[in-house]
Amino acid sequence: MKPFRDMDLSAVIAEQKRKIKIKVEGYTNDEIMANDIDLLADNIYSEFFIDPITIYEEEVRKRSIQQAKVKKWIHPFVKIDPNREYVEVDGIVMKFYFRYNGERDLFKCQASTFSVSGYPEIGLDSDFISFTYQKTLQEMENENAKDNLLKEVEKDLKSIRDGIGYANRDIANYNDSIRGFAKTCIEERKKKVQSFFELTKLFEVPIEKTEYAKECINVKRTIVPIAHEYKKREKEYCISEKDYQDILYAIKHTGSTFERTPNSYRAMGEEDLRNVLLASLNSAYKGDAVGEAFRNKGKTDICIERENRAAFVAECKMWTGAKDIEKAIKQLDGYLTWRDSKTALIYFVRRKDFIKVCNTVEKTLKELTMIRQITSVDKNEFCCEFASENAVGQLISMRVFLFNMDTDN
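Under this note's numbering, think of the first position of the sequence shown as 100, with each following residue one higher.
In short, the hints are calculated from the structure, not lab data. Among the hints, a few may not be true.
As the list claims (entries may be wrong) - With a straight-line cut-off of 20 Å between C-alpha atoms, the simulated EDC-like cross-links for lysine to aspartate or glutamate are:
#1 K351 - D477
#2 K194 - E220
#3 K451 - E488
#4 K341 - E484
Using the sequences and the hints, build the whole thing.
Structure follows, in structure tokens:
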């Protein structure tokens with residue numbers, strides 16, 4: 100095939116944005132109102148993201164050579180039959196294969212920058228691009244024939260890589276714009292829905308909710324579940340931000356005490372250390388902080404419930420390695436009800452390489468698909484938001500603490 104000429108990449112990108120608008124318009128009013136705008140935008144990003152192309156080095160083991168009759172073009176000065184352009188002579192056909200990944204159709208698209216002299220023909224399948232060369236036996240008898248052929252392959256490969264580089268640059272600009280474009284579309288739609296809800300309220304017309312479609316499009320990336328019903332509440336059923344910050348301050352203060360005098364807590368396990376935290380929290384919350392409290396799908400380590408039945412929920416863990424972080428977050432998520440949106444994950448670390456552990460935790464959190472946002476508050480403290488799997492459509496605030504309990508400092 101002749102690459103980079105069948106489709107205009109700018110038209111492909113424009114079509115993707117049109118589909119994003121259609122996607123947003125396809126959400127029900129309930130879905131628009133019930134879900135966080137950033138979560139919807141992230142889902143749209145995951146669905147409409149275009150994978151750039153990466154071309155790897157040659158798969159030498161797939162290289163092939165076959166004996167064949169090849170066409171040798173007749174020079175006009177020696178042509179006898181004016182209607183005959185070539186003759187068939189003994190030769191070889193060689194193929195060179197290069198693995199790639201990314202969106203296959205990008206090989207068909209002409210980017211905003213391109214080579215006016217064109218590109219070499221390639222073979223294309225789901226995993227490889229290939230270059231095919233026909234040479235006569237006479238040509239291959241030349242002592243430099245092999246080197247000349249490999250130089251030709253290298254030149255053609257560079258040309259294709261340049262073309263893909265131009266396409267990837269346009270795609271990178273498009274991918275970077277998806278979230279912002281989606282948020283703008285969602286915000287515009289949300290304003291219209293809010294106006295509609297206000298009108299229905301003004302005229303006392305009940306809103307008829309449509310059944311959510313049972314079929315969805317399968318995509319390659321993780322799409323976070325969204326809520327499909329909007330229940331407008333007169334007041335927020337979550338603990339106040341002030342309460343949340345006060346609780347976090349108390350935990351941080353107590354954890355600093357652990358770190359200053361680790362020998363005093365040397366014999367304590369996870370449960371005893373948690374009880375010390377509970378005692379500290381109860382001094383401020385008058386006995387409202389409880390441990391081993393039943394909450395939704397299990398018993399959480401720390402629970403402070405407010406009058407509106409919303410709670411701060413925390414889980415304490417001895418550090419056992421990065422492999423258990425995602426499991427701990429999902430365990431914490433399982434304790435939350437729809438009222439709960441402010442949490443903490445607390446690690447007690449008895450390791451000499453404490454800073455390395457902190458760096459590992461930060462790196463692992465950034466790699467988890469459920470984490471939507473992460474900010475480093477301190478070397479041992481991270482402010483995160485994660486998409487709840489238990490209360491779909493809801494983002495959960497989570498503070499991650501690591502306290503250094505190593506007694507050899």
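Taking the hints in turn, this is what the structure says about them:
Restraint check: the Cα-Cα separation between K351 and D477 comes to about 11 Å, which is no more than 20 Å; the hinted pair holds. Pair hint K194 plus E220 holds up; C-alpha atoms about 12 Å apart against a cutoff of 20 Å. Distance hint between K451 and E488 is unfulfilled; the C-alpha atoms sit about 35 Å from each other, more than 20 Å. Straight-line distance between C-alpha atoms of K341 and E484 comes to about 18 Å, which keeps the hinted pair within the 20 Å bound.
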